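J.: Take each chain as given, in its own frame, and dock them per the hints.
These are the residues of each chain, in order.
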Amino acid sequence: MSHRIMIIDDEKIVGDMAKISLEEEGYEVETFLNAAPALKKLEEEPFDVVVTDLKMKNIDGLEVLRKVKKLHPSTKVIMITAFANLDVAIEAIKEDVFDFFPKPVRIKELKESIRKALIPDDQTKP
Amino acid sequence: MKIERKIILLNAIYLVLIVIIGGSAIQSLNSVSSKQRFLEIADDLNTSFLEMRLSEKNYFLFNNITALYEIKTNISKANDVLDSVKDDIIPVIGESSYNELKRGLYNYNVAVTEAIDNGSWNGEIADNIRTKGHDLEDTSSRITKLEREHISNIIYRSKLLLFSSFFAVIVTALIVSRVVSRMVLKPIKYIELQARSIAAGDYSKIESPIRRDEFGVVIEAINTMSEELEQREEELIQSKKLASMGVLVAGVAHELNNPVNNISMIAQTYEEMYDKLTPTQRLEFMKKVDQESERIKQIVDNLLDFAKPREPRLSKVDINELLRKALLLVQNSLNVANIKSRVELAEGLPQLLLDENQMQQVLVNLFINAAQAMRPEGRLTVRTSLDSENGMVEIRITDTGKGIPSEYIPHIFDPFFSTKEEGGTGLGLSVSYSIIKSHGGNIKVDSRMGLGTTFTIQLPVNDEEKGRV
Ligand SMILES: Nc1ncnc2c1ncn2[C@@H]1O[C@H](COP(=O)(O)OP(=O)(O)OP(=O)(O)O)[C@@H](O)[C@H]1O
Ligand SMILES: [Mg+2]
Chain A
1 MSHRIMIIDD
11 EKIVGDMAKI
21 SLEEEGYEVE
31 TFLNAAPALK
41 KLEEEPFDVV
51 VTDLKMKNID
61 GLEVLRKVKK
71 LHPSTKVIMI
81 TAFANLDVAI
91 EAIKEDVFDF
101 FPKPVRIKEL
111 KESIRKALIP
121 DDQTKP
Chain B
127 MKIERKIILL
137 NAIYLVLIVI
147 IGGSAIQSLN
157 SVSSKQRFLE
167 IADDLNTSFL
177 EMRLSEKNYF
187 LFNNITALYE
197 IKTNISKAND
207 VLDSVKDDII
217 PVIGESSYNE
227 LKRGLYNYNV
237 AVTEAIDNGS
247 WNGEIADNIR
257 TKGHDLEDTS
267 SRITKLEREH
277 ISNIIYRSKL
287 LLFSSFFAVI
297 VTALIVSRVV
307 SRMVLKPIKY
317 IELQARSIAA
327 GDYSKIESPI
337 RRDEFGVVIE
347 AINTMSEELE
357 QREEELIQSK
367 KLASMGVLVA
377 GVAHELNNPV
387 NNISMIAQTY
397 EEMYDKLTPT
407 QRLEFMKKVD
417 QESERIKQIV
427 DNLLDFAKPR
437 EPRLSKVDIN
447 ELLRKALLLV
457 QNSLNVANIK
467 SRVELAEGLP
477 QLLLDENQMQ
487 QVLVNLFINA
497 AQAMRPEGRL
507 TVRTSLDSEN
517 GMVEIRITDT
527 GKGIPSEYIP
537 HIFDPFFSTK
547 EEGGTGLGLS
557 VSYSIIKSHG
567 GNIKVDSRMG
577 LGTTFTIQLP
587 VNDEEKGRV
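Here the protein sequences come in this chain order: A and B. Just so you know, we're using our numbering here: the first sequence kicks off at 1 and counts up by one. Just so you know, we're using our numbering here: the second sequence kicks off at 127 and counts up by one.
Bound conformation, chain B alone (with noise of 0.2 Å):
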């Protein structure tokens, strides 16, 4: 169901609440009232009850005749009321009280003109006056008494009415705004979070079950978003790599001139001076030669590991062991730089499937930076962990040296960007990352100036399905 509709719904659902709630307190009201107006009646029948039995006794003390009359005109006065509130009265104390009621009158009334007619003094008249005009008077007080019950009745009702309305209305307020924050605000959490990782470059699709309400339609979007971002990031990559592809063959062009120019030089120098030259010369020059040439070919190799990143080879690897290797290949420049090395391996890594020379020439890569950026006494640290909440093991690389100044972070991957006097190709990294991405894991680099830097690598983790093919 759609949320806007829950929402309508439990706000309808609230709104009958209190639709009942004020109805039937209104129709308390109501019958107070005419309940009321009843007793106000009733107050003056009374009234007229107590005068007709005070002729009543009048009529008994001194036999007068004038007071039947004047209970007579009473009678006539009494109906005319109970005629004209007919239907006001009615709904309020029931026909059959009513009809007691003019019942009552009416045998009063034909016991009174038995009496008049007789005119004088009748023992057994007489008692049936007393006795009808008592009737009539308990007929009146009772109901008047019972009305009065029900109107206390009704107030005490209503007001427990109107008080357990009110903790309902308070115990539904809770409960609607709880159960909408429940039904609004945690998707709008779970949706934040992933923004969240969105922003922070991972692209991995909500996962929650299909929700047919606007959060799903909300979760669809950015899922669509998320893709889209991917591929774009893609697209900047590629981008990207062609634009350090020029960058690549303007260096390479560059880098490649200098050895090309120096065996020109001296085979132009070699067939000139032939004469001229001493044998060890010769020798040495040829010797030249073949250097520059190695100097070409480790250029070359560079740049074709950089452009045509080869498909890697994988197999399963124990990243533990792998780095340990690496390290050993590094140990003879990390005693002649005076520099102590330290491994902090996490047991238990699940196997990776890597490419083993690629990565060994990666981690071979970070080793020697690393080496070159401390003074004697450095520490280079090497750690392994398991990320399993991403499906990752990570290695984390720290030196305890210059640091890499921030203008130059955005650089260091770029190709032939170095910083080092000597020797530096500057390839070193750039090839370093795509041998990582190949392997469809990341390489981050945090730095502290004075302080030292570390490289973190993230591997992927295979699964058995990958892991077969």
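Just chain A, with the same shape it has in the complex (with noise of 0.2 Å):
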């Protein structure tokens, strides 16, 4: 059974393109542009990785992040923002968060990422 990737990001480009290139390394990938029906699908059905944007209208990457990890505490979360901001890193760190990419997003170093987020945790850590 092949990986199952969410993305959330208001920007529909953003999930379609992501979602190009990662069904094309054979990934099972949802796409969402808002993290209210994101968040009652993964209360229905576990994802291996999540991919969500920080700054959305609403509601904040990091409540993803924090809502994401109490469903499920092994899915791995990777987070994108328009702009680095320390705190929010420092704070996505604390909340357990695998990976950080600013935009504009290397489509490569994004596969890179989950890769590793795929490889069971007792075997290494990024």
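Think of the hints as simulated: they come from the structure by calculation, not from any bench. Since we're looking at a predicted model, the values are computed, not measured. No residue lacks a Cβ here, since even glycine has one placed at the ideal position from N, Cα and C. One or more hints might be untrue.
[As the list claims (entries may be wrong)] What follows is a set of in silico ranges between Cβ atoms, one per label pair, in the way DEER data are often shown:
no. : chain 1 : residue 1 : chain 2 : residue 2 : range
1   : A       : L71       : B       : T545      : 26 to 36 Å
2   : B       : R408      : A       : L71       : 33 to 43 Å
3   : B       : Q417      : A       : E25       : 20 to 30 Å
4   : B       : R408      : A       : P120      : 32 to 42 Å
5   : A       : R4        : B       : L577      : 48 to 58 Å
[Claimed, not checked] List time: in silico DSS-like cross-link candidates among lysine-lysine, alpha-carbon distance up to 27 Å:
no. : chain 1 : residue 1 : chain 2 : residue 2
6   : A       : K12       : B       : K546
7   : B       : K414      : A       : K19
8   : B       : K413      : A       : K19
T.: Listed below in structure tokens is the structure:
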């Protein structure tokens, strides 16, 4: 069974492009423009990796990170953000974020990060 | 003249008036009391004259020589009295009346002495005594009567004087208080009004004829103050603008990062997946790139408008005409949203010097904001009017929308402040604000939750001088 990846970003193109590249790698990808339906989906079924934008209307990425970790502690969360903010980065690391990407995102690096994220915990740590 | 001096002068005049009144009252009292003193003396004298005449009668009836001696004693007593009170009496009745009295006494004395010396009865001498006695009594009672008249005259005149000065004091008091309040209260009222308008943000100077008094100083101080306030406000606006430039830059960075990231991701995917993409997909990718570039261009345009509002290209514009044009531009959006529009435009407004494009941008921004705040069946009203007092034309744009929460009001003109879920850049009002300011105008908002919002724009009417420039 292929790994399941969730992408949350209110910019539609981000999800679309990431989806094309990641599906090519054989992952199963679902994209969301809003955090609310994404979190609802997560309550129904687990994902292996969640890639979320940090700054979105209504809900902020840190909140998504916390909720995901609460629902599925083993799910890896990767954050992308339009602007780098040290405070937020520290906060995210405390909440056990797996990786952090500033925009513009290098898709190859994202893919690499996801690949690492999918290696079981007892084998490696980033 | 300084107000202080004016008041001192008025008070001095008032004081002099009172001193004059008081002085003349005291003088009347004094002369009344000295005349009173004379009357007392005259009473004594009259009594002794009466006694002399009684003794005279005895002499005539009984031919009694001792009666003549009695007269002589009385005469010398009267003389003594007259001598002792000479200094008191002369100022009252005058020297001639005094001398007349003395002369009367003397003549009487001479007549009586003659009779005594003669010894036996002599009709002629007796007649002489009678005449002289009569003269003396006459003189005395005439003077007394005159003095009594004088006294009542003085009392009458004093009464009149006191009465009329009472009125004079009251009338002067009324006039003085009137004049003082004119002098003091009127300028104070004026200054108060001016202070109010300064507080309301109108820094125009007090225009008043140059005054040399304290108010001149106060007016000058207030003018200097309002000049400084105006300058401070400009500095404040400038620093606010700098602050909002910070907000702006942060906002722009974030705003720009999204489309840049989108283009970058499309390009990466395009490159990597080139072989696997269908021609339609490739076309779609490129269209998206184009759309995202357009997004960047718009942000940059707005940024330029805000950061460096280009000098307005001014031309004479009929504001009503411009409003109608701007309304036509948004008519379609209004129709789609089922919003009615109404115009109430004042006739005969002066033409304004405006940058037509910029002003149209402002109006469209405001119309769109209004439309977005309303539900179907809402109403957009546009009014114009002339505020000739301040030399401003006023444009009011009223909607029946949801209103702006009061905690948002201070922020709506900030760049990137938006409450709109999608598509709101939050630049509309901040750009409009800087355009209106660069036209020398004002923009204000008045909003009631659930009832609607009114944006009021004031634009200066340019005088011919500016018109030629
Ligand atoms: N007529 C109005 N009624 C209610 N709220 C308004 C009105 N006009 C402006 N606002 C509020 O002020 C905010 C800022 O307005 P502004 O025009 O600057 O940005 P925007 O409309 O959100 O974005 P854009 O103008 O780019 O579409 C709006 O998001 C809205 O909350
Ligand atoms: Mg707007």
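J.: For every hint, state whether the structure bears it out.
T.: Going through the hints against the structure:
no. : hint                        : in the structure
1   : A/L71 / B/T545: 26 to 36 Å  : holds (31 Å)
2   : B/R408 / A/L71: 33 to 43 Å  : holds (39 Å)
3   : B/Q417 / A/E25: 20 to 30 Å  : holds (27 Å)
4   : B/R408 / A/P120: 32 to 42 Å : holds (38 Å)
5   : A/R4 / B/L577: 48 to 58 Å   : holds (50 Å)
6   : A/K12 / B/K546              : holds (18 Å)
7   : B/K414 / A/K19              : holds (16 Å)
8   : B/K413 / A/K19              : holds (19 Å)
Consistency note: the structure conflicts with none of the earlier hints.
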